[in-house]
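Protein chains: 4
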Amino acid sequence: MPLTPDQQAEVDALRGETYQTRRATVPALEEILYQALPVLDHGFVRVIDYMGDDAAVVQAARVSYGKGTKRTRDDAGLINYLMRNAHTSPFEMCDLKIHVKLPIFIARQWIRHRTASVNEYSARYSMLDTEFYVPEPAQLAAQSDANRQGRDTVLGSEESQAVLALLKSDAEQAFDHYHQMLNRDGDDNELDPSRSGLARELARMNLPLSAYTQWYWKVNLHNLLHFLRLRADAHAQWEIRAYADVLLDVVRKWTPLTYDAFMTYSVGGAHLTDEGLEVVRKLIAGETIDPATLKMSPREWRELKATLGITD
Amino acid sequence: MPLTPDQQAEVDALRGETYQTRRATVPALEEILYQALPVLDHGFVRVIDYMGDDAAVVQAARVSYGKGTKRTRDDAGLINYLMRNAHTSPFEMCDLKIHVKLPIFIARQWIRHRTASVNEYSARYSMLDTEFYVPEPAQLAAQSDANRQGRDTVLGSEESQAVLALLKSDAEQAFDHYHQMLNRDGDDNELDPSRSGLARELARMNLPLSAYTQWYWKVNLHNLLHFLRLRADAHAQWEIRAYADVLLDVVRKWTPLTYDAFMTYSVGGAHLTDEGLEVVRKLIAGETIDPATLKMSPREWRELKATLGITD
Amino acid sequence: MPLTPDQQAEVDALRGETYQTRRATVPALEEILYQALPVLDHGFVRVIDYMGDDAAVVQAARVSYGKGTKRTRDDAGLINYLMRNAHTSPFEMCDLKIHVKLPIFIARQWIRHRTASVNEYSARYSMLDTEFYVPEPAQLAAQSDANRQGRDTVLGSEESQAVLALLKSDAEQAFDHYHQMLNRDGDDNELDPSRSGLARELARMNLPLSAYTQWYWKVNLHNLLHFLRLRADAHAQWEIRAYADVLLDVVRKWTPLTYDAFMTYSVGGAHLTDEGLEVVRKLIAGETIDPATLKMSPREWRELKATLGITD
Amino acid sequence: MPLTPDQQAEVDALRGETYQTRRATVPALEEILYQALPVLDHGFVRVIDYMGDDAAVVQAARVSYGKGTKRTRDDAGLINYLMRNAHTSPFEMCDLKIHVKLPIFIARQWIRHRTASVNEYSARYSMLDTEFYVPEPAQLAAQSDANRQGRDTVLGSEESQAVLALLKSDAEQAFDHYHQMLNRDGDDNELDPSRSGLARELARMNLPLSAYTQWYWKVNLHNLLHFLRLRADAHAQWEIRAYADVLLDVVRKWTPLTYDAFMTYSVGGAHLTDEGLEVVRKLIAGETIDPATLKMSPREWRELKATLGITD
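Residue numbers (the working numbering), protein chains in the order written: chain A, 6 to 317; chain B, 6 to 317; chain C, 6 to 317; chain D, 6 to 317.
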């Protein structure tokens, strides 16, 4: 369970209070506000706050005095138009603030997205909890040969068990020695009054990249969609996709029209080059293509055939 | 009056509806939500939406599960600490979205602040309203000799009247010819069916920099304070300070603890160099200072004396 | 001619000096360094400095100790791969610094690109030169009905002459009154010793949006390409495209492999949605399409047919 | 030694070639270009490229056609003025690109500075070298009680030896198991043909935060100074200050006038609040201060006395 009883009580207290507001409000998002949506073995995503909704995108695009438009159909048409034509600035007018708990090696990928605000739990200031990520056996895959950045088939049972044992015992030992160096037990009580204990900012360097950290992260809708385009993609590491998938669902609840436009015009489909379009035009005209006459690389030709559903 | 009756009706409709929310809510800001706060002769600032409050700054700084702290005094102490020590990231966790109507020459200063989101009314897409800024006589000041970027004493009545007459008649003529080139009257009706009318994206180039434009602008609290530090400053042009002063008051309503910390540790006071501090230590010890022995420039010496309230 | 003899002499002095460097150097860009490349009637682009070349993109992508790769063919392959897969960060490792002179209404579009550094000539600090943009008659086009943001056919000779006369006389009068209010002639000499003269920061509001301003602008290659994708596009206003076209040629000289990859994978071609690809697959299979069965809008269907070269 | 012979040969090859350029060139920086400046036990900073010099700051501030000013004294005066008055944009017109090797726990602090470009060595794509940070005994300090984020006195010899032994053995074991999971030895050769080996993107999670990573980092001078103000400060962790100190020296070589202005007006000295200035004025006038009458906190009063050199 990702939250302790104390933490859950704090969340429940927040969820128990409601206020009157004149601001744009999204009931489907209010429904899950503050809740810990579980990800991986100890991680979560919690929606802390949000600003705006689909209508706020329209309202900003029109620089309007009142609501954007009256009818949902008009809003959808405009949002589709904005998404198709890369008029991205109105999507910056909505914001999402989340609390995320995630393994450090995933946090290091996540933080590469610079156009967001972050407050991370400080391991200089406080001791880290003894929590680290151990993958499910189904996720323990071999290095891909075709894709230097990816995984391939799942490891056999024996190799898988050996890997899990190493990951667990090394992380446990690292945390154990972390406490020893700090001269503190897991509850931050002193262990040995005769020792000083190492500074937290130094002791942390012994922890593995699988250790969990947490942060508050605020991002506007445009930059969140950019994050999701890259991190909910099949080429992203499975562990960050687990977070991206939860966030995709949050976007679907929050701004359903924008979500649909995003899935249609940005995530789905494919970009064809001029040469790719020329190939398509010939194929439609019933001509055959001799790959040797193409300027594109063999890899691009394979990808184009896959995109067009062409089998040799 | 900055709003037309139709616009005011749209604003009233928005203000008439309230919703339930679990989000952090600021009653003092709800009170003025959507209202046009007048600035200059035709401009305004309207608060459209906001995210967070003082407690949200604390909550982010602590990466907490519930509210930041229980007591206002603790919140104030932490916020003062953050402000004094330039721990700026928690202030990024609050956002403000405003609708602004402002003269183009002020918009050009404003837009230099890059860390914000903007949607501007498009004069390619729509015709601009016939509205331009004419200063009050009290604002018509002569060029300062001491400060190449500033104003000095107010012009005499005769010169002042001549300037006002030119500003008005030139702007009126420019808008008149704008309509003529567009082949449209001020209500966007065709003037002469035998003419095509120039494209809007071209005709606009005839308008003066005093013409009003408008935009939606969204900024986080940290960057808003940076904007205010520069634009509510005595060195800023009076016209942009008029907007900054309204926004300062919005910040005071929205996040009063942050406002106080900002006024105390960022706006107020002065930065002294090492040499300046050395001078202070000597003065406290009762020594006298020979300016000829200082490395600082004569201008810096004058400023230091003013800061310390020293008269020759 | 965009430069005065004094300005040209300063440019020539800079061009006359050369230095030894160990840095990556691009002879084709050195060739045009500091020169004013003319744009519109009084504008220009001057390349002031640059950092990196195609090899620097490769070097950064590999985080290498020496040069990126040995062979141009390998560099091209990697650069194509990066461009196709939106691995954009290595393109941020090159920088371009330019000096631009441009009409204010174009500067207002340009500045919307936030991820760049700007120093603009200050009309608070100095008087503006008497220079304003007057389009060629071939550019004086009517408002498009199909595209609310665009131009259509060129105006007839009579309407065109009338427009040009208004643009010229209004701008001349505005500058004339600008000088009168400042109590300065065009060379910044006092006109009437009995008057104070209005502060520059106020007098400028009388100038038209066609007046020229100038700035230093520094941008990395990734963000420059993003700028060019939007501003060298057929939907951009013709006047900013004139600048973008000059910059495209600068990129071609500076980083020819990146330029080719950009033109192939980013500028050229088209994005098809999943439904668009489904249509293509059916057309290749010899099926016919009933537009009534499609979810896409009539406008999207027209665009898809145009992309695929299908005539009804 | 931070570089292998192969890496050193690549560096030497780069340093052996020089080119002609018309660009602003800084001989003192050319002197150290590409060299690995050692930091900590295995880290380094290498200057890869730079754009601009002190004169380029002046040139941009003046939006000039030629060089900024003729005389160094004028340049220094203007640069001091810009620094004192927070006119920061001209400092954005210079860029530095460096190659850094640093422990991951330091990289995580470093990356929080968002206004820079980064390309990091990918542990998804390639195996990490077996290198990790082990502090000198002189750096092994106890947790500070006064400052929750800092260190205090150095550990005693016995505790220090115990800590070092744990840091070393845990890191060695983690790398050993990393190789075992990857089924690769330290030179990336297969260990056991009967096993698949875990994907690199997963195996890396077993490594400690003391492991070294490396990246290319490009930043403009303004943002570099902001980085140095925070990271060369006494409150920064000693390990990142080691990097910041090397970079301070790079700035001193690169833009000596800017360096001096930075040390005088930004790093040195202190900010006094309005109340602090009031205290100073009273002290200069020979009055005594009763701390009980002050609004500032006891901590601020202690800090003010330290700043003014007042002893009780």
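Incorrect hints may appear among the rest.
Identical copies carry no separate label here, and so any pair may be met within one copy or between two of them.
Unchecked claim - With a cut-off of at most 20 Å between alpha-carbon atoms, the simulated EDC-like pairs for lysine to aspartate or glutamate come out as follows: (1) Lys-310 - Asp-197; (2) Lys-173 - Glu-308; (3) Lys-287 - Glu-136; (4) Lys-72 - Glu-22; (5) Lys-258 - Glu-36; (6) Lys-310 - Glu-280; (7) Lys-173 - Glu-22; (8) Lys-300 - Glu-136; (9) Lys-72 - Glu-15; (10) Lys-300 - Asp-79; (11) Lys-310 - Asp-79; (12) Lys-287 - Asp-317.
Quick caveat, the hints were computed from the structure, so don't treat them as lab data.
Verification of the supplied hints:
no.: 1; hint: Lys-310 - Asp-197; in the structure: neither (67 Å within a copy, 38 Å between copies)
no.: 2; hint: Lys-173 - Glu-308; in the structure: neither (40 Å within a copy, 47 Å between copies)
no.: 3; hint: Lys-287 - Glu-136; in the structure: neither (58 Å within a copy, 52 Å between copies)
no.: 4; hint: Lys-72 - Glu-22; in the structure: between (27 Å within a copy, 12 Å between copies)
no.: 5; hint: Lys-258 - Glu-36; in the structure: within (10 Å within a copy, 28 Å between copies)
no.: 6; hint: Lys-310 - Glu-280; in the structure: both (13 Å within a copy, 17 Å between copies)
no.: 7; hint: Lys-173 - Glu-22; in the structure: neither (41 Å within a copy, 51 Å between copies)
no.: 8; hint: Lys-300 - Glu-136; in the structure: neither (52 Å within a copy, 44 Å between copies)
no.: 9; hint: Lys-72 - Glu-15; in the structure: between (35 Å within a copy, 8 Å between copies)
no.: 10; hint: Lys-300 - Asp-79; in the structure: between (43 Å within a copy, 16 Å between copies)
no.: 11; hint: Lys-310 - Asp-79; in the structure: neither (37 Å within a copy, 25 Å between copies)
no.: 12; hint: Lys-287 - Asp-317; in the structure: both (16 Å within a copy, 17 Å between copies)
In terms of the numbered hints stated before, the structure departs from hints 1, 2, 3, 7, 8 and 11, listed from lowest to highest.
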